[in-house]
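Since chain A is already given, all that's left is putting chain B on it; use the hints.
Heads up: the protein sequence lines correspond to chains A and B, in order. When the count follows the numbering used here, it moves up by one through the first sequence with no breaks and lands on 670 for the last residue. When the count follows the numbering used here, it moves up by one through the second sequence with no breaks and lands on 133 for the last residue.
Since the hints were made in silico from the structure, they are not lab data. Values in this document were obtained by computation on a predicted structure and should not be read as measured data. Each hint should be verified, as a subset may be incorrect.
[Claimed, not checked] If we take Cβ atoms under 7 angstroms as the criterion, some of the chain A residues that face chain B in the derived model are:
1) N460
2) L463
3) I465
4) V472
We put the CB at the ideal spot given by N, CA and C, even for glycine.
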Amino acid sequence: MRVWETSHLLDTLPTGKNASEHVYDFADSQANLEKIQLHFKQLKTRLVLGLVLGFLLPNAFLSAYFHYQFAHTLKNNAKLNLEAVAESQKNSIEIYLQERIVNLNNLFHSKEFTLQPSSEVMKSYLHNLKRFDEAFVDIGFLDANGLEIGYAGPFSTFPDKSYNKETWYSGLISENKKYVVGDLSLGSGKSPRFTIATRQEFDGRIYIMKATLDPDKLYVFLRSINNGKSIDSMIINRQGQYQVVDLNMSPFQETSSFVPPYSSPSGVEEITGDNESMLVAYSWLTETPWALLTKQPVSVAQTGMYLSRLILTIGLIVISLIVSTVVYYTINKLVKNARQMAEKGQQLQEMLAHASKLASIGELAAGVAHEINNPLAIIMATSGVIRDMLNPEFELDHSSEAINTELTIIDNAATRAKGITKKLQDMGKSSSSCSIPCDINALLDDVLSRLKKNEFKSKTIEIVTQFSPLLPSIMAEAYPLRQVFGNIFINASDAISEQGTITVTTETFEGMVSVTINDTGKGIPPEDLKRIFNPFFTTKGGGKGTGLGLSIAASIVKYCSGTIKVNSILGVGSSFTVLLPYQ
Amino acid sequence: MDTLRVLIVDDEDDFRETIVKRLKVRKVLAEGASSGIEALKVLETKDYDVIVLDVKMPKMDGIETLRHIKKLKPEIEVIMLTGHASVEFGIKGMQLGAFDYVMKPAPLNELLDTIIQAYNKKRGLPH
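For reference, chain A alone in the conformation it holds in the complex (with noise of 0.2 angstroms):
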């Protein structure tokens, strides 16, 4: 039979809210394993953003962070570096200096020292102080005038040569200094000089001994305490003219971009250029307004932060790779695992349906040889009665009259059993075509009126219809359709013990139309909620019901694509929903 085929005691996935819920539907294993996949592949995304949002976002931000502080950090490091170095540069250009005046005083206490120095004399201070360091270039002997008493050196000379309008001597008498050192300038001669200049007093009177020196002696000298460090190192005036600097600059021409405050004794900046950056330090001489300045490109005071940055954004970079990977292919596999899983699940629910249906074949051809058996009994007991009658020794009566009651009983069960046989052709029959339109509401009224006049007449029962005045036609024969709510109709009648009421509501619903019957009878026990659409399932005893009215309205509806839900509360009610596409 057809309708076996497509059991409807899946009760696979119950879908109602609660116990008391059973919604007669015709689960589809496609959409179910559909729904799995898309669920699974939901998760597995949620678990991916998790690992993003969870491990590679702040691991990102946190490397951000570090290199920040990392840079910060390093470049401070560079910076009191390189001042340090401009620092103690200029105390070794200082001591440098110092030792050059001194030698330059000491001529002062020489035992050759005369106030009128002849050219030999001159000539010999200035051996005496080359023989010292070559960096000295000539040498003279000033009066407190300025005026030039004796010379020796490379330049010509000429008499009444004098000074006094050079700022390092105006510095030496006008301030009264013991010595100073000049800027640098050109001189007589055309390789630029600085002067280092000392004086000493003679019977009152002021005497001044001047020297010039080459600047790019200083340089060497500079270069040799830099111990091969990439460090320029320079020293330039208050005006930021270069005094030393570079071999390969010229020091008229160029002035330093960077003139530091004469303010503060040292201190560090970072200049940007038009190519890079640089780190500049300087630091104040004591005695001369010179500056000595150290200069670093940022990228060479960093250069060990770079490489350990790149080591470092490799490392995370790798570690987070690797962690990601070994993170999303376990997810992977265990998404896979459960869906796989799930899967089976659904294919175990599937089987035990179909067992399930097995089963219930087996259950039908009990209940039909049940059904069968009882009025069969019956008629062998009643057929053995009209024996007895007819047997004179139990001395009965055996009168047309009696036998004709016995032979009443005989018919009745056999009409029984043939209620039943045709009532299992119908299920059969329900699978005929739906296809002449039917006005639900006006079938309802038609149904209704007959068992007012029958089944309900026993009974005090109020029916309320609600029926929507606009509700569409449905595709169906009327027949079948008059079965299902008939059922429906009979069970509620029979819950209802003496009096009560039945609401019968008509709508539509998402291209349905939608009939639900209320009952205010005794309602239906959880357990058995799952079983009343089984066949041959009643709890009506005395032969009252055969347990096929609701497993045929559910077979009928079915067919008619449509789906039967129930809900009930013990000792409230039950509420039948029927629904029924009209599209």
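Using the frame of chain A, we list chain B on its own:
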């Protein structure tokens, strides 16, 4: 032979009444009860030698009723009435202390023979 007292418990009125009627003409003191609950109620005031119990009944089925009977009056012998498809209930009944089971629809003689065997057992006679 003492009068054999039998209670037929079946929800099928026509069947029960017919059996009662046929047993009565065979000098058996037969009475009927339409449900397990009714049977237990009757047992409170009356005694029977044998009870014939239908397995499939609404509310309280034959097995449940058997349990109560065996608790209430264990000396009464019980015969289960089963359908072809519910033989296992007959066997279950025997495990719970029923004397035997008879399959419906059964000829009256078969039922009566079983009733007499049960009665003999109750009286300690060979059966």
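Inset, instruction - Go through the hint on V472(A) and say holds or violated, using the shortest Cβ distance to chain B against 7 angstroms. - result: Check passed: Cβ of V472(A) comes within 5 angstroms of chain B, closer than 7 angstroms.
Legend entry - chain B contact restraint on N460(A) - CB to CB distance below 7 angstroms: Interface hint status for N460(A): holds (5 angstroms vs cutoff 7 angstroms).
Legend entry - Closest C-beta approach of I465(A) to chain B relative to 7 angstroms, hint status: The hint holds - I465(A) has a Cβ within 7 angstroms of chain B, the shortest such distance being about 5 angstroms.
Legend entry - Interface hint outcome for L463(A) [beta carbon to chain B under 7 angstroms]: Constraint on L463(A) satisfied, holds at 5 angstroms.
Comparing the model with each earlier hint shows no violations; every hint is respected.
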